[in-house]
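Peer 1: Residue numbers (the working numbering), protein chains in the order written: chain B, 1 to 290; chain P, 1 to 290; chain Y, 1 to 290; chain R, 1 to 290.
The hints are all genuine.
Simulated restraints, written as ranges between beta carbons of each label pair:
no.: 1; chain 1: B; residue 1: F90; chain 2: Y; residue 2: R96; range: 48 to 54 Å
no.: 2; chain 1: R; residue 1: R118; chain 2: B; residue 2: F90; range: 45 to 51 Å
no.: 3; chain 1: B; residue 1: Q83; chain 2: R; residue 2: G63; range: 17 to 23 Å
no.: 4; chain 1: R; residue 1: R245; chain 2: P; residue 2: D144; range: 36 to 42 Å
no.: 5; chain 1: P; residue 1: P67; chain 2: Y; residue 2: A50; range: 29 to 35 Å
no.: 6; chain 1: P; residue 1: R245; chain 2: B; residue 2: Q83; range: 31 to 37 Å
no.: 7; chain 1: B; residue 1: I78; chain 2: R; residue 2: R245; range: 48 to 54 Å
no.: 8; chain 1: Y; residue 1: G283; chain 2: R; residue 2: R245; range: 19 to 25 Å
The hints are simulated quantities; they were obtained by calculation from the structure and are not laboratory data.
Even glycine gets a Cβ: it sits at the ideal position worked out from N, Cα and C.
Here is how the chains run, residue by residue.
There are 4 protein chains.
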Amino acid sequence: MSTASPTTSPTATLLISCPDQKGLVAKIASFIYSNGGNIIHADQHTDFTAGLFLTRLEWQLEGFNLPRELIAPAFNAIAQPLQANWQLHFSNDLPRIAIWVSRQDHCLYDLLWRQRARELTAEIPLIISNHPNLQPIADQFGIDYHHISITAETKAVQESKQLDLLRQYKIDLVVLAKYMQILSPEFVSQFPNVINIHHSFLPAFAGANPYHRAYERGVKIIGATAHYVTEDLDEGPIIEQDVVRVSHRDQVEDLIRKGKDLERVVLARAVRLHLQNRVLVYGNRTVVFA
Amino acid sequence: MSTASPTTSPTATLLISCPDQKGLVAKIASFIYSNGGNIIHADQHTDFTAGLFLTRLEWQLEGFNLPRELIAPAFNAIAQPLQANWQLHFSNDLPRIAIWVSRQDHCLYDLLWRQRARELTAEIPLIISNHPNLQPIADQFGIDYHHISITAETKAVQESKQLDLLRQYKIDLVVLAKYMQILSPEFVSQFPNVINIHHSFLPAFAGANPYHRAYERGVKIIGATAHYVTEDLDEGPIIEQDVVRVSHRDQVEDLIRKGKDLERVVLARAVRLHLQNRVLVYGNRTVVFA
Amino acid sequence: MSTASPTTSPTATLLISCPDQKGLVAKIASFIYSNGGNIIHADQHTDFTAGLFLTRLEWQLEGFNLPRELIAPAFNAIAQPLQANWQLHFSNDLPRIAIWVSRQDHCLYDLLWRQRARELTAEIPLIISNHPNLQPIADQFGIDYHHISITAETKAVQESKQLDLLRQYKIDLVVLAKYMQILSPEFVSQFPNVINIHHSFLPAFAGANPYHRAYERGVKIIGATAHYVTEDLDEGPIIEQDVVRVSHRDQVEDLIRKGKDLERVVLARAVRLHLQNRVLVYGNRTVVFA
Amino acid sequence: MSTASPTTSPTATLLISCPDQKGLVAKIASFIYSNGGNIIHADQHTDFTAGLFLTRLEWQLEGFNLPRELIAPAFNAIAQPLQANWQLHFSNDLPRIAIWVSRQDHCLYDLLWRQRARELTAEIPLIISNHPNLQPIADQFGIDYHHISITAETKAVQESKQLDLLRQYKIDLVVLAKYMQILSPEFVSQFPNVINIHHSFLPAFAGANPYHRAYERGVKIIGATAHYVTEDLDEGPIIEQDVVRVSHRDQVEDLIRKGKDLERVVLARAVRLHLQNRVLVYGNRTVVFA
Chain B
1 MSTASPTTSP TATLLISCPD QKGLVAKIAS FIYSNGGNII HADQHTDFTA GLFLTRLEWQ
61 LEGFNLPREL IAPAFNAIAQ PLQANWQLHF SNDLPRIAIW VSRQDHCLYD LLWRQRAREL
121 TAEIPLIISN HPNLQPIADQ FGIDYHHISI TAETKAVQES KQLDLLRQYK IDLVVLAKYM
181 QILSPEFVSQ FPNVINIHHS FLPAFAGANP YHRAYERGVK IIGATAHYVT EDLDEGPIIE
241 QDVVRVSHRD QVEDLIRKGK DLERVVLARA VRLHLQNRVL VYGNRTVVFA
Chain P
1 MSTASPTTSP TATLLISCPD QKGLVAKIAS FIYSNGGNII HADQHTDFTA GLFLTRLEWQ
61 LEGFNLPREL IAPAFNAIAQ PLQANWQLHF SNDLPRIAIW VSRQDHCLYD LLWRQRAREL
121 TAEIPLIISN HPNLQPIADQ FGIDYHHISI TAETKAVQES KQLDLLRQYK IDLVVLAKYM
181 QILSPEFVSQ FPNVINIHHS FLPAFAGANP YHRAYERGVK IIGATAHYVT EDLDEGPIIE
241 QDVVRVSHRD QVEDLIRKGK DLERVVLARA VRLHLQNRVL VYGNRTVVFA
Chain Y
1 MSTASPTTSP TATLLISCPD QKGLVAKIAS FIYSNGGNII HADQHTDFTA GLFLTRLEWQ
61 LEGFNLPREL IAPAFNAIAQ PLQANWQLHF SNDLPRIAIW VSRQDHCLYD LLWRQRAREL
121 TAEIPLIISN HPNLQPIADQ FGIDYHHISI TAETKAVQES KQLDLLRQYK IDLVVLAKYM
181 QILSPEFVSQ FPNVINIHHS FLPAFAGANP YHRAYERGVK IIGATAHYVT EDLDEGPIIE
241 QDVVRVSHRD QVEDLIRKGK DLERVVLARA VRLHLQNRVL VYGNRTVVFA
Chain R
1 MSTASPTTSP TATLLISCPD QKGLVAKIAS FIYSNGGNII HADQHTDFTA GLFLTRLEWQ
61 LEGFNLPREL IAPAFNAIAQ PLQANWQLHF SNDLPRIAIW VSRQDHCLYD LLWRQRAREL
121 TAEIPLIISN HPNLQPIADQ FGIDYHHISI TAETKAVQES KQLDLLRQYK IDLVVLAKYM
181 QILSPEFVSQ FPNVINIHHS FLPAFAGANP YHRAYERGVK IIGATAHYVT EDLDEGPIIE
241 QDVVRVSHRD QVEDLIRKGK DLERVVLARA VRLHLQNRVL VYGNRTVVFA
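Work the whole structure out from these sequences, hints included.
Peer 2: So, in C-alpha cells, the structure goes:
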C-alpha cells in the first residue's frame with residue numbers, strides 16, 4: 001500500500017458490466033496488479049437472472065505504471081473479448097453539473113452548500129430555470145443563471161436553447177432539483193445524463209401532485225425517489241429512495257414540508273453516488289456500489 | 001385519580017366523530033366528569049377540510065357512577081344533538097377474532113404468539129383456510145381449523161359457509177393473515193370488519209405479486225400495509241405501514257424473506273390498534289389515536 | 001368553527017401540568033368554551049407514576065370573548081386551586097432566537113433557510129460565535145454577528161458579555177447550533193432557555209468526540225439528539241432524536257458527514273416543536289405534543 | 001457460469017484478513033479461477049487505519065477441480081506468505097446451534113420458526129436454560145432441553161456442565177436468546193463462539209435493566225444490539241443493531257413490548273449473517289459482508 005492517504009491521492013475507477021463467466025475477478029484484478037496498482041475499493045455483483053457480471057474497481061494512480069492516457073486502450077484489450085461495457089473515470093477530473101430548478105429553492109440551496117462543503121466533488125457552473133425568482137441565490141454563489149421559460153408551444157425551441165447551454169458550459173450531468181417540467185424524449189435522447197428527484201415513493205404517486213394524492217389516500221409513510229431520467233416519465237432507474245412517517249395530524253402542507261427534507265437528502269445522496277461512480281445502470285435497474 | 005393501576009382496572013372507551021363545532025371537548029369531558037369518571041386517555045383531531053371532529057376518550061369504570069348498561073343510553077342523549085357517530089367499548093369485553101390464512105404460516109404464528117403473550121387482548125377461537133396444511137398449528141394452539149377451498153365456481157357457496165362460521169363462532173373481527181383470496185363485495189357488505197395485510201407499500205404494487213414487481217422496478221425500499229378491507233381491492237383505509245431497505249443484492253426471495261418480517265409486525269400493530277379501539281375510520285381514511 | 005383558516009388566524013396556546021385529579025379536561029375545556037373559544041388542538045398525557053396530568057390546548061383568538069390581556073388572569077383563577085404550572089402563548093408573538101455557532105455552518109445555514117421558508121416562526125436577530133469565520137453568512141442574511149472568543153480564563157467574563165447581548169436583543173431562546181463550548185452552570189441558571197444539538201444518540205457517547213468514539217466502538221447506527229441544556233452536560237431533557245445506519249465502509253469522516261444531515265433535521269425539528277409550544281418539560285423528561 | 005442454480009448448488013466460502021498489500025484480490029481470485037471455480041460472491045474491505053485487508057469469497061463447488069479436503073492445504077500455501085488469517089466453510093456443512101434462554105420465549109420461538117422456514121441453515125439440537133419453564137416449546141419442536149440453574153455459588157460447576165453439553169452435542173455456535181446470566185471469562189475463553197442479544201442500543205444502557213433506564217432518561221428511540229460475547233460484558237464486537245421510535249406515551253412495559261420485536265429481528269439477522277459466514281471480526285469490530 002502506498003503511504004499516501006487513500007482519500008486524497010488521485011484514483012482511477014473502472015465500472016464494468018459483461019456477460020457472466022469464470023475468471024472475471026481474477027482477470028480484471030490482475031490487469032491492475034500487473035501494472036502496479038493498489039486497489040482501494042472493489043465490489044462486484046452477479047445478476048444470475050440476467051447472466052450479467054457487474055463490478056467497480058478503484059485504485060490509486062500514484063505508483064501505477066501506465067500513464068493515464070494509456071489505461072483505456074490497455075484495458076480495452078481485456079474488455080473486448082469479454083464483451084464488456086465499461087467506463088473509466090479519474091477522481092481529479094471534476095464533472096460539471098447544471099442544476100435545473102423551478103420556483104422551490106430547498107434542493108438548490110442544499111446542493112450548493114454540499115458542493116462548497118466538498119461533499120460533492122464537482123463544478124457547478126450553470127443553473128437553468130423556467131422561472132426568474134431564484135436568480136439571487138445563483139448570484140450569491142457566483143453561478144450563471146439562465147431563465148428559459150417553457151410553454152407547450154415553445155418547448156421544442158426552448159429545449160434546443162437548453163441543449164446549447166449544456167454544450168457551451170461543457171456539462172456532464174444535469175440535476176433536476178425540483179424542475180417542474182417534463183423533458184421531451186428528444187431532449188433525453190440527446191442528453192441522457194440526467195438525475196431527477198421525484199417527491200413520492202415511486203412507483204406510488206407517479207405523475208403530478210404526489211403529496212396531495214398521498215394525503216387523499218391516507219398513507220402513513222411518504223417518500224422521495226432519485227432516479228435517472230428516461231423517455232418514460234417517472235419510470236427511469238432508481239438510484240436512491242427514503243421515507244418518513246406521517247399521521248392523520250399531517251395536512252398536505254405538512255407532507256410538503258416533511259417531504260422537502262427527504263427530497264434534499266435523497267437527491268444529494270444520489271448525486272454523490274453518481275459523482276463517485278458508484279452507480280451502474282443495466283436494463284431499467286441500478287447497482288449501487290455504496 | 002383512583003389508586004387502581006390504570007392498566008389493569010377495566011375501562012370504557014368512546015370513539016366519536018361529529019361535525020366540528022365549539023364546545024365539543026367540554027361537553028363530552030363533562031359527561032364523564034359529572035358521572036365521576038377518571039379519564040386516562042383523551043385524544044382528538046379536527047379535519048378542517050372535512051369539517052369533522054374526531055375523538056377518543058378512555059376512562060376507568062371503577063368509581064364511575066353510571067352502571068355499564070346505562071352508559072350508552074345516557075351518552076346517546078348528548079350525541080344526538082351533535083349528530084355524532086360513536087362506539088362504546090369495554091376493555092374486559094374480549095373481541096373474538098377469526099384468522100384466515102392460505103399456505104404461509106408466519107403471520108399466523110406471530111398473531112397466536114402475541115395473543116398468548118397478552119399483546120393482543122382478544123379470543124381467537126377460529127382459523128379458516130383455503131388450504132389444509134396449517135391445521136397442525138391450529139391443533140398445537142387448540143384452535144378450530146376449517147378448511148374451505150375456493151374456486152371461481154364455488155366462491156359464492158363457500159363464502160356463505162364462511163359467513164355461517166363467523167356467525168356460529170360469534171366473530172367480531174376477521175384478520176386476513178396472508179389469505180390469498182379476494183373477498184367478494186357481497187361478503188364485505190355482510191361482514192365489514194376485516195383487516196388485511198398487503199405485502200407492499202400501498203398504493204405501490206397493488207394487486208398480485210408485489211415482491212416480483214418491486215424487484216422488476218428496482219426499488220430501494222419495500223413495504224407492507226395493513227388496511228381495512230373494502231369492496232375495492234387494496235383500496236381500503238390504511239391503518240399501518242412500514243418499510244425496509246433493500247439493495248441490488250436482494251433477489252425476489254430476499255424481498256419475500258425481508259417482507260415477511262414487515263408483514264408480521266405491521267399486521268400485529270394494526271390488529272392491536274384496532275383491539276384497543278384506537279382506530280377511527282372516516283371516508284377512506286383512518287385516524288389512529290396511538 | 002370559525003370560517004377563518006385554522007393556520008392563519010392567530011391562536012392562543014396553554015401548556016399546563018398539574019397533579020392528576022378527576023375533571024381536569026372538563027374544567028379546562030369549559031374555560032375556553034364558556035368564553036366562546038374554538039379549540040383547534042387539544043392533547044393530554046397522564047404520567048401515572050408521577051401522578052401528573054399534562055396538557056396542551058390551542059384555540060382561535062378570533063371570536064374569543066376575553067381580550068388577550070385578561071386571559072392569563074382569568075385562567076389563573078382556575079389554575080391556582082389545581083396547583084397547576086402553566087404557560088400562555090400567542091401565535092403572533094414571534095419569539096426571538098439567538099443562534100450560537102463555532103466553526104461549522106451546516107446547522108446555521110439550515111436554521112436560517114427554514115426561518116426564511118417560514119418553517120420556523122421566529123425572529124433571528126443575533127448570531128454569537130467563539131470564532132469569526134461564519135460572519136459572512138450572517139452578513140448574507142442581514143443578521144448581527146458577535147464574535148466572543150472563549151478561553152478557560154476568560155469564560156466567566158465572556159459569558160457575562162453573552163448574557164448582556166441576550167438581554168440587549170431581547171432573546172427568548174438560544175439555539176446551540178454546533179457551538180462547541182460548554183455553558184457554565186451560572187449561565188444556565190440565568191438563561192435556562194437553551195436548546196443544544198449533540199452529535200450522538202444520547203446517552204451513548206456523551207461528552208467529546210462522539211463520532212470518533214462511535215467509530216471505535218464499531219456501532220452499526222449513529223444518531224443525533226436535541227435537548228434542553230441543564231447544568232449537567234448532555235443530561236438535559238431530550239426533545240428529539242434520530243438515527244442513520246452506518247457500516248464498516250464508513251470512516252470517521254463518513255460518520256461526520258452522515259451525522260451532519262442528522263444534526264440539521266433533528267435540531268430543526270426540536271426548535272420547531274419548541275416554537276409551536278409543543279414541548280412540556282417535567283423532571284428531566286419532555287412530553288412532545290406533536 | 002455453471003447452469004446449476006446459485007442458491008442450491010453447494011459452495012465454498014473463504015473469509016480472509018491479512019496485512020494490506022498490492023495484488024491481494026488478483027492472487028486470491030486467481031487461486032479460485034485457476035482451479036475452475038465460479039465465484040458467486042466476492043466482497044472486500046480495506047481498513048487503512050489498521051493496514052488490514054479483509055475479504056469474503058464464495059464459489060460453487062460444482063466444477064471446482066480441487067476435492068474438498070485439498071482446498072484448505074492448497075489455499076494455505078497462498079495464505080502463509082500473506083500472513084493471512086482465514087476460515088474455509090462449505091455451505092452444506094450445517095453448523096450446530098445451542099440456544100440458551102431464561103424465561104422469555106419470543107427470541108426462542110422466532111429462531112425456531114426461522115430454522116423451520118429455512119431462513120437459518122443450521123441444526124438446533126440443544127436448548128439450555130437456567131429456568132424450567134420453556135421446556136414445552138422444546139418438546140413441541142422435538143429439541144433436547146437442559147435445565148441448569150445458576151447461582152453465584154454454583155456458577156463455576158454449572159458452567160462446566162454447560163461446556164460438557166456443548167461438547168456432547170458438538171455445538172458450533174451458542175445463541176444467547178435473552179439468557180439473563182453473565183458468562184464467566186473462563187467460559188468465554190473455552191467456548192468463544194457466542195452471539196448475544198442485548199436489549200438496548202449499545203453502548204447506551206449497557207448492563208442491567210436497559211428499558212427501565214431508557215424510560216428514566218426519556219429517550220425518543222430505543223434499540224437492540226446483537227454482538228459476539230467477550231470477557232467484557234456488553235463490549236463485544238457488534239454484528240447488528242436496529243431501533244424503534246418511542247414517545248412519552250410509552251411506559252416501561254411498552255418499551256419492553258416494542259423492544260421484543262426489535263430483539264427478535266436483530267438477533268435473527270445476526271445469526272443468519274454469521275451462519276452465512278458474512279461476519280469477519282478484527283480487533284473489537286466486525287466487517288459484515290451483507
